[in-house]
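Residue numbers (the working numbering), protein chains in the order written: chain X, 1 to 343; chain C, 1 to 343; chain Z, 1 to 343.
Hints were generated in silico from the structure; no laboratory data involved.
Restraint-style ranges between C-beta atoms, simulated for each label pair:
1) Ala-299(X) x Pro-129(C): 45 to 51 Å
2) Asn-342(Z) x Ser-341(C): 41 to 47 Å
3) Pro-129(C) x Glu-295(X): 50 to 56 Å
4) Thr-246(C) x Gly-27(Z): 52 to 58 Å
Beta carbons are placed, not taken as given, at the ideal position from N, Cα and C, and that holds for glycine.
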Amino acid sequence: MFLRNCWYVAAWSAEVGRTPLARTLLGRPVMLYRTVGGEAVALEDRCCHRSLPLSKGRIEGDHIRCGYHGLKFDRTGTCIEIPGQAHIPPGARVARFPLIERWKLLWIWMGATEPDESLLPDWHYIDDPAWLCIIGNGAKPVPMNCNWELNNDNLLDLSHVVYVHPTTLGSAGLENFPIRTERFVKSVRMTRWMPDVPPMPLFARLLDIKGRVDRFQTVDIDLPSHSVVDAGFAPAGKLAIDDDRTDAQRACILISATPETETTSFMFFAQARNFAKDNDELSRIYQQGSKVIFEEDIAIMEAQQRAAGALPDAAQIDINFDAPGLAMRRLVQRYLEKEASNA
Amino acid sequence: MFLRNCWYVAAWSAEVGRTPLARTLLGRPVMLYRTVGGEAVALEDRCCHRSLPLSKGRIEGDHIRCGYHGLKFDRTGTCIEIPGQAHIPPGARVARFPLIERWKLLWIWMGATEPDESLLPDWHYIDDPAWLCIIGNGAKPVPMNCNWELNNDNLLDLSHVVYVHPTTLGSAGLENFPIRTERFVKSVRMTRWMPDVPPMPLFARLLDIKGRVDRFQTVDIDLPSHSVVDAGFAPAGKLAIDDDRTDAQRACILISATPETETTSFMFFAQARNFAKDNDELSRIYQQGSKVIFEEDIAIMEAQQRAAGALPDAAQIDINFDAPGLAMRRLVQRYLEKEASNA
Amino acid sequence: MFLRNCWYVAAWSAEVGRTPLARTLLGRPVMLYRTVGGEAVALEDRCCHRSLPLSKGRIEGDHIRCGYHGLKFDRTGTCIEIPGQAHIPPGARVARFPLIERWKLLWIWMGATEPDESLLPDWHYIDDPAWLCIIGNGAKPVPMNCNWELNNDNLLDLSHVVYVHPTTLGSAGLENFPIRTERFVKSVRMTRWMPDVPPMPLFARLLDIKGRVDRFQTVDIDLPSHSVVDAGFAPAGKLAIDDDRTDAQRACILISATPETETTSFMFFAQARNFAKDNDELSRIYQQGSKVIFEEDIAIMEAQQRAAGALPDAAQIDINFDAPGLAMRRLVQRYLEKEASNA
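The shape of chain X in the complex, shown without the other chains (with noise of 0.2 Å):
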């Protein structure tokens, strides 16, 4: 059902303290807690006594003791310490799962194989000084009631605002860009280049630009839902489309839809730009607008997850903005097939 070999966003690093956090990661019960020393555990929220979640335990130094029984973990996952006897069988133990902590961000390893550092994917722009990022919803998970892909399908196929987003993002016309679709060995691209076309309303008023522009949108996903959206722009005629944009003024948003069950997922989010970084009102503008515009992708996505919950069979078409979208389901079905060839 799910990728397994690969990083999942399990938290905000901001979320996870010396009180134990609860999340359910692909279908199973996780809980994260920090040590003294803080670092981040996260185990099995399961005790292998009586199956008791662990995070309704009390979190002792380093350990986790488990509060129904007494069973005391360490950061391994190893049972330490059982009330009323000496001997500690060896079966006594629960799933522990390897993280990072990168970009204010913790990512957990589910899979079977060894962890696979090389994987992470780039997502500087949270912690670049380079950037100026806002954290999403207050460094907390958006809950969907939809599967983990169909934000990729959202985010590879961006004619959608045209229509989802009339209000905020508008840009009608956007339509009329061809798009180009870049397949890697474990992400996939989509370009829209946009040249001579009249400046975003918003930025023109705010940034006080004349005259028109070229912009671009340019969506990267890496397995299996780590998404970078760059979208920006630069005055009209300076930039080709496969330039350096290192002097281009973008909004890179960043998102990831980590999966919770089948039908559920966490979006986490984040929004950075390399221009205007010192004006407030723009932030706060484009904070507020982000907000409205992820319950509009949200409303749509779980409106999906309910017809396909009612009609799981229906045939579907393909349109040609389709193409960086089904490339991107091509490459997780690819990857789920080498999973389950190889367990």
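Once you have looked at the hints, place chains C and Z on chain X.
Showing chains C and Z alone in chain X's frame:
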């Protein structure tokens, strides 16, 4: 599961306008709207591209545009525009369901065969000036958490009024009068003839009726669930059981239960009468009473549904008064088998 | 799924009167009422005609009349009247379940064999004047969203009080005293003997106890879930583990968990003690504390149930203190197999 080659009530005419109405009928999501010229249209409520309900989209002239990627469909369900491409693939369509608008209702045909207008029941009472007709529940269906066939059972055994509606319809002693069951090609009729009885207290008081009356109850149910409950009275001795009833004082209750799913339904109802048409007090009391009566019936049917869910294989006995209800269930079963053998 | 040839607590006597009480027991809908003479009756809560729960009907003398078509049943579940017909078909009956009323409780037998009064547990504490007994939760069962057997596990391993009830029962160090498990034909006993320990703080204060005591805990569970938790103390050195406890200060908690479904149960409980029977402050504090304690236990068991639902096949380890609980589960299993082989 459902009879398909027949008409169902989809909505009251007044419910459907220039804003999409979403309603699940026979387990399928349907959306209803009207064209500029007022024609009512029923389409499958699921875009053939990525399954968003079309009812979440926008009506443009006579057409509906999907709210996700902007595909546009005409009143026949054919896709006539796909943003970003000129070619429209041949499978780009959603199902369209034939409608007939009559007696202030929209009748829908969700079957595989050609719609057959001759299968409509005769519900002329709703707009025939010989009758005063009060439309039930403000021209909205009443949702019921039960299978639609329980409603047929309920109406074809009116002996239940003694126990279910003691404070409104009451009629203790009614069970002492025998019933007659008639089986027709596509309907069943139950008749109870109660000669030389006191008038119903409500009518006796409001209409100042002296002396005894002959009362009758006839319930006709046309496939699948279109019911006319014709209940009335005449001065004792004036009528025989099968006489023309034109001159009797008659109340005709029209009821149809459209399945939403196997376990939920929509009840549409209206109350017509051919007497005391100007008596507003009677109308008011009648309307208030019928609200209570339908709530009582629905409470019974929903409890039956829960019981059937808890003990689906429990045996049941039949009693004499079940003859019309059993005849109707056999008729439905025969048509279901006919549809299955033709499929 | 359920042991059937045994007694279950159906209700407190005070719950059942001249209005039908509906309660699902062992997955079957049951209705309870009393005859004019006060005899308690338990019938299947489903009319054998069209499945309406009989509890929605009306008690008439010693009988119950269905609220839909008026079929009347006597206290044995036999239909004795069908409106509109003289003949009553032989299958017109609903199941009747034998009841015994004792110790202010109604004990029900839902098995296929003859009820065996000798299988009742000994719960004389409830109305024996040698004891003061406080009936729990205002003589109503406490609903629990968990399987009934979790309650047996809970009571047979009282080491949990250290972790689950730290602010009320506490007793840190209790886990250092070994337990003894005894297996009988239809029950299991756990005994913990804690010689020469300080008295429980609450009792030391309220009863002005000086000096050390010997404490004991004995938990007897009779099939399927009738538990007597006998906890008490005597001045240190006066008693040995198996001595007669008549002169000790004893609190006997009576608890039974009746299955409603596989995943929900009703907990019935009462607290008896043979000391300080006039001490109202002790009664009040004891009652308040027990409310908190049962809420804590139920929260644990409900979390276990959710975990079992999420990961039904997860392995578990056992610890030394599980011996009594495992003995009880094996006893239940043995009787289940016996019932299955006789069926």
